[in-house]
Amino acid sequence: MSESAGRLGLTPSQTVGPFLSIGLDWADGPDVVPAGTPGEIRIGGVLYDGAGEPVTDGLIETWQADPDGHFDHPEDPRGAAASSLPGFRGFGRAATDGEGRWEIRTVKPGALPGEAPHIDVSVFARGLLDRVVTRIYFPDEAANVTDPLLAEVPADRAATLVARPDGPGRLRFDIRLQGDGETVFLAV
Amino acid sequence: MTLPHPVAGYRPAPDGAHPPLDFPEYRSTGLRAPAQAPIVVRHRLTEVTGPLLAGERLGPSDHDLTTQHAGEPLGQRIVVFGRVLDSDGRAVPDTLVEIWQANAAGRYAHARDNWPAPLDPNFTGGGRVVTDATGNYSFTTIKPGAYPWGNHHNAWRPAHIHFSLFGRAFTQRLVTQMYFPDDPLFAQDPIFNSVPDPKARQRMVAAFDLEATRPEWALAFRFDIVLRGREQTPFEEPHE
Ligand SMILES: [Fe+2]
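As you go down the protein sequences, you meet chains A and B in turn.
To convert, note that position 148 of the first sequence is 148 in the working numbering; the numbers rise steadily by one, no gaps.
To convert, note that position 110 of the second sequence is 110 in the working numbering; the numbers rise steadily by one, no gaps.
One thing to keep in mind: the hints can contain errors.
Not close to chain A: a few residues of chain B, all C-beta gaps over 12 Å, as computed [unchecked claim]:
hint : residue
1    : I99
2    : N122
3    : T140
4    : Q188
5    : F208
6    : W217
Which residues of chain B face chain A? A partial, calculated answer using Cβ under 8 Å [as the list claims (entries may be wrong)]:
hint : residue
7    : S61
8    : D64
9    : N151
10   : H153
Simulated from the structure, these hints should not be mistaken for lab results.
It should be emphasised that the depicted structure is a prediction, and the values quoted were computed from it without experimental measurement.
Positions of the beta carbon are idealized from the N, C-alpha and C atoms, including for glycine.
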């Protein structure tokens with residue numbers, strides 16, 4: 001894709017490095033919704049490297065619609081408006097801990113026109129010169145079968161995009177950066 | 001399910017503007033860069049929206065890293081400022097910009113940074129601001145020092161400030177590093193040189209700006225940041 005004249009060149013991406021918590025760690029980062037929100041679920045897992053070792057200096061960010069499938073953003077076809085769910089932020093951010101674990105507190109997003117419920121995910125870490133992007137889908141969700149993005153993913157790898165039940169109110173979503181069971185990443 | 005809403009996506013980055021994930025000269029990429037090619041997906045509603053985080057996250061001294069403690073940090077006081085634009089030259093207003101950096105001696109206030117340079121009790125190194133209606137931002141801080149790292153024999157990172165930007169959409173999210181002009185350490189730094197296009201690399205280097213210096217107070221460096229611009233035409237999904 002060539003740049004046409006008059007267009008500004010993009011600022012390149014660089015790694016977050018190992019000390020990202022100085023700038024990016026928020027006490028309320030994992031709270032896509034406030035504690036005590038009806039329907040609250042925890043979604044989390046472990047971030048692994050290509051040797052199967054946990055990545056202990058990574059950062060996971062999430063972005064999703066509210067339970068009505070709405071975004072508080074001017075691009076939403078219904079227009080920007082605060083969610084009907086009090087305190088809903090849509091955005092989550094969780095640094096990985098000493099065991100590579102991360103977790104967010106959220107609610108299941110509603111379906112979007114033509115798409116199954118999903119959460120977009122960015123992964124940042126030392127050794128990643130650019131973020132990698134993936135998506136979390138929900139287990140036992142009939143709409144997954146007709147989701148246009150899942151349809152483009154090789155069938156033998158699609159399971160890496162679907163969270164697993166992990167006890168009441170919990171879903172597990174491990175992310176494998178490289179190697180066996182490598183998570184499907186998306187060029188957005 | 002209702003029909004998809006046609007959405008204009010964001011233009012892909014031109015070749016060479018961003019580093020490849022697999023870049024052996026930067027050793028940590030070895031076990032972290034995915035082996036499989038990513039699946040190219042078109043932008044739908046989740047990708048063209050994003051968190052519009054603004055003033056609600058700002059504390060009173062978040063924009064001035066020299067005033068976050070009882071005393072002033074050591075080092076050269078500087079103003080780092082610029083504009084956040086998209087590649088069509090449109091300002092990106094009201095967007096959160098987060099920074100983090102080492103102190104003047106090149107040491108991070110972080111438990112895992114233990115090279116023998118002094119910590120500064122008056123410097124943490126984290127800041128945040130929100131761009132104004134015309135995309136402008138400004139921080140006051142001190143010039144960070146260079147620091148050694150174990151990537152290769154006698155490896156030193158050029159002085160830099162880490163920047164994180166949201167833009168107006170998930171697809172515009174950017175984490176980068178700002179460098180200082182004429183740093184003699186550029187030639188040996190694989191992170192700086194991971195950007196294939198040399199012109200793109202220079203876009204990470206701030207410009208000294210004499211006009212913007214504050215007399216008897218601080219030097220000034222201008223760092224404009226360009227995020228992806230928008231496609232002109234909405235994409236309509238095929239449907240029966
Ligand atoms: Fe750094």
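Which numbered hints turn out to be false for this structure? 1, 7, 8, 9 and 10
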